[in-house]
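Peer 1: The chain contents come next:
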Amino acid sequence: MTHHIQRPHLVVIGNGMAGCRAVEELLARDPHRYRVTIFGAEPHVNYNRIMLSPVLAGEKTFDEIVINGHGWYRDHGIELIAGDPIAQIDRVAKTVTSRSGRTLGYDKLLIATGSDPFIIPVPGKDLPGVVGFREMNDVDAMLAAADKGGDAVVIGGGLLGLEAAHGLSLRGMKVTVLHLMPTLMERQLDEAAAWLLKSALEARGQTILTGADTAEILGTDAVEGVRLKDGRVIPASLVVMAVGIRPCTALARDAGLDIGRGIKVDDHMVTSDPDVLAVGECVEHAGQVYGLVAPLWEMCRALADGLVEQPSGYRGSVTSTKLKVSGIDVFSAGDFSGGDGAEDIVLRDASRGVYKRVVVKNDRVVGAVLYGDTADGAWYFDLLKKQEDVSEMRDLLIFGQAHAHGGGQTDPKAAVAALSDDAEICGCNGVSKGQVVACIAGGAASLDAVRAGCKASASCGSCTGIVENLLALTLGDEVQAGAKTMCKCTSFGHDDVRREIVDQGMQSIPEVMQKLHWSTPDGCSSCRPALNYYLLCALPGDYKDDQQSRFVNERMHANIQKDGTYSVVPRMWGGLTNPRELRAIADVVEKYDAPMVKVTGGQRLDIFGIKKEDLPAVWADLNAAGMVSGHAYGKSLRTVKTCVGSEWCRFGTQDSTGLGVKLERMSWGSWMPHKFKIAVSGCPRNCAEATIKDFGVVCVDSGYELHVGGNGGIKVRATDLLCKVATEAEAMGYCAAFIQLYREEARYLERTAPWLERVGLNYLKARIVEDTQGREALTARFLHSQRFSQEDPWAERVAGREHEQHAHMAAFTPVREEEIA
Amino acid sequence: MIGDWLDIGWLDEIPLRGARTVPVEGGEEIAVFRTGDNRVFALVNRCPHKGGPLAQGIVHGHSVACPLHNWNIALATGEAQGSDKGCTPAIPVKVDAGRVLICRAGALKAAA
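Line by line, the protein sequences are chains P and C.
Under this note's numbering, the first residue of the first sequence is numbered 369, with each subsequent residue one higher.
Under this note's numbering, the first residue of the second sequence is numbered 63, with each subsequent residue one higher.
The hints are simulated quantities; they were obtained by calculation from the structure and are not laboratory data.
Just so you know, even glycine gets a beta-carbon here, dropped at the ideal spot from N, CA and C.
Among the clues, some could well be false.
[Stated by the list, open to error] Only part of the chain P face toward chain C is listed, based on derived beta-carbon distances under 8 Å:
| id | residue |
| --- | --- |
| 1 | 495 |
| 2 | 927 |
| 3 | 930 |
[Stated by the list, open to error] As a list, the in silico EDC-like pairs of lysine to aspartate or glutamate whose alpha-carbon atoms are at most 16 Å apart:
| id | chain 1 | residue 1 | chain 2 | residue 2 |
| --- | --- | --- | --- | --- |
| 4 | C | 147 | P | 432 |
| 5 | C | 147 | P | 494 |
| 6 | P | 823 | C | 146 |
| 7 | C | 147 | P | 431 |
| 8 | C | 112 | P | 1138 |
| 9 | C | 112 | P | 432 |
| 10 | P | 632 | P | 652 |
| 11 | P | 979 | C | 146 |
| 12 | P | 1092 | P | 1138 |
| 13 | C | 112 | P | 431 |
| 14 | P | 1043 | P | 1118 |
| 15 | C | 147 | P | 443 |
| 16 | C | 171 | C | 90 |
Just chain P, same shape as in the assembly (with noise of 0.2 Å):
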């Protein structure tokens, strides 16, 4: 065996946040120190474990929570060993054994093993169903469950159940908690913010059982309920224990390493063996064992030090909790219990949902709550850790510090600029409001540079209001005017440009960027799909459609797909199709190869896996059964979906998939902000949904009920009721004037609903019911501007226009040219 210069071989137990931090502050002080090897037990790369919340509300993916790809282990030389925990430590021979039975010898070992989910011991919970909510695994299994629907019980109303809560309540589950005690996160609130939120939680849907203790979990081969001791049964195809984190300590424990509450470590995160670290919420330090992410990072900056034998030493933490419950802020921090001396200031404003209590004693915050506006958050805190002296300002002290250092500024920016360079800004990476202007004089100039730079708002992303407003205090008003314009590359913002755009008659991208001074020579991947689009629709049958200001799927006329290939659909008029059709369907997928065929939601069948370069050749033989695109790549009217109707319907009212194919017929082809779907339903059952798409119409016996606004998206929202109508036409007119509206009126990549809740309903029906004259206008014109859009694009491109979006300019065929040579 031939010995290199070996490095020391440190060892890392664990992939997670504290495991993934401890190297990254190690590789920040000296990056060749140490040959790394980290060991996971979870198969994934490293991940932002705060941010499964958002993954189980489906805010997020797992692809964006996670911190360090695969590319960061590979460029550092770091080798992952993911998905094989270590089972084993002998300190003797200074080596760890992986449960598959990998043994690797160590000079320095780092724990990070955090924590586990702490499984109440009750009879049935290992029954399949009761899960934890602590890794992906477990967003997944809720993930699973919340597909099938149901009743879910989420055991412990502490922030990491109330998370559990809020996720399955979105994806559709009706969400019991239970609480064993009085009132919900009675480590982090007090007695009347968590009412305020118990409230709160009960009026989004959840049912919040406090004092609530867990017998038995039923079930014989899966969950079928939790039975609690005062007898009370509640139904739950699924369980999460979310009632706490234990240390996870078991290998250190076998390997005869000092454990307390954790595995106990000095101030350098050193365990009882000189050669073994540990660091996050597994261990225990003066007597402390941590479970939020600040305290970790605080951990991993001293251990680093220490590995690069410049020790610094971590002291402990003061901790703060800053969270969004339900979309519900709340901040606690310190001591709120009271006791000898202790003061409390309060202050209620029921109207506003804002309750306040600052704990003051000896002259020094103690400890405080804010529930509904926690803004002055970060300063309570400040004033708490540093010990300072508050009884000049004790009287305005509850008011915030605008008003407490006098002026009685209520803008938020003030209070910024007032904290000192000190002051905590993001809790999570420990980035204090020194550091962010830095980083933001340094050149950072949004927000994605600055979390970018030195990682604040990183993380959890609860103070990216504060790092946006210190954007703005540093740079002025080059940020400000960022936060409404277009994008980067303008001062304007949307509804500026359209006007303008209007106002002096301008016809092509390149003029708008002159004349209202672009910075950038040709725009940018937001901006130029958006001036597409407003020329078009400002210019019906004059404007020509940039190709190159479309993104790929409206250049493509069809879907691009994460292998680069692409999705076609035909347009089913109404939901309705013909042997015809489906054979020439049939025969496109075998002659294509198509390896899958799916019908849509929108009642049409989507062709998947098609290459660019036969899209034509696709749609030929699609064009020559008599189908056109069907736009499902489109911001544009996507389908009409319709119910049987009175043709065949015994409740049928109205003929409602004849009036839904009059209505596609009408507006098919037309370009919008954002993508459209309509759909008719022939009475009030409503078969077709009508009631959460962007344009709905529900038949009665009378008439027609025309529904705008709905949205079935992430954000579900019914539509509102526009109004009634007697007759086909009226409803056709009444459609064509709405689309119109939204045409002319909404922001690019703005649907429907966000669009009538910013300009409210009472607006539309001013415009469209009430003003008859208008209506007829609006109509008149997207009938115009329709004859100019329902060409069908895929026979144009048949036809052979544009035919260089889909044929290759060259190919290079190196080993024929050595032979030929």
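On the provided structure of chain P, position chain C as indicated by the hints.
Peer 2: Only chain C this time, still in chain P's reference frame:
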């Protein structure tokens, strides 16, 4: 005798602020871009993020926005912009008398 440069066609065959593809037998496809100021760039047609076909992205300035997740890639270097990290190989390319020429060695190396 094979030259150092491979002639792939006229500059006009690439849409302004657009791209065309050149498949390489036994290797990775190349995307050839033409920017608004008539410069030409070539990259392996694969975003460093999730492999998206960069040729289908929106070309702006001297960057292209990947069609899959909107990463911005610098056309000159293939480097991801902003806070994103990653790089796709760039291939030397030039325009001579209206013809677009890509570097044979570069194409072979990138395709390997």
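Peer 1: Work down the list of hints and note, for each, if the structure agrees.
Peer 2: Taking the hints in turn, this is what the structure says about them:
| no. | hint | in the structure |
| --- | --- | --- |
| 1 | 495 | violated (38 Å) |
| 2 | 927 | violated (11 Å) |
| 3 | 930 | holds (7 Å) |
| 4 | 147(C) - 432(P) | holds (14 Å) |
| 5 | 147(C) - 494(P) | violated (43 Å) |
| 6 | 823(P) - 146(C) | holds (14 Å) |
| 7 | 147(C) - 431(P) | holds (14 Å) |
| 8 | 112(C) - 1138(P) | violated (51 Å) |
| 9 | 112(C) - 432(P) | holds (13 Å) |
| 10 | 632(P) - 652(P) | holds (5 Å) |
| 11 | 979(P) - 146(C) | violated (28 Å) |
| 12 | 1092(P) - 1138(P) | holds (12 Å) |
| 13 | 112(C) - 431(P) | holds (11 Å) |
| 14 | 1043(P) - 1118(P) | holds (9 Å) |
| 15 | 147(C) - 443(P) | holds (11 Å) |
| 16 | 171(C) - 90(C) | holds (10 Å) |
Of the numbered hints listed earlier, those contradicted by the structure are 1, 2, 5, 8, 11.
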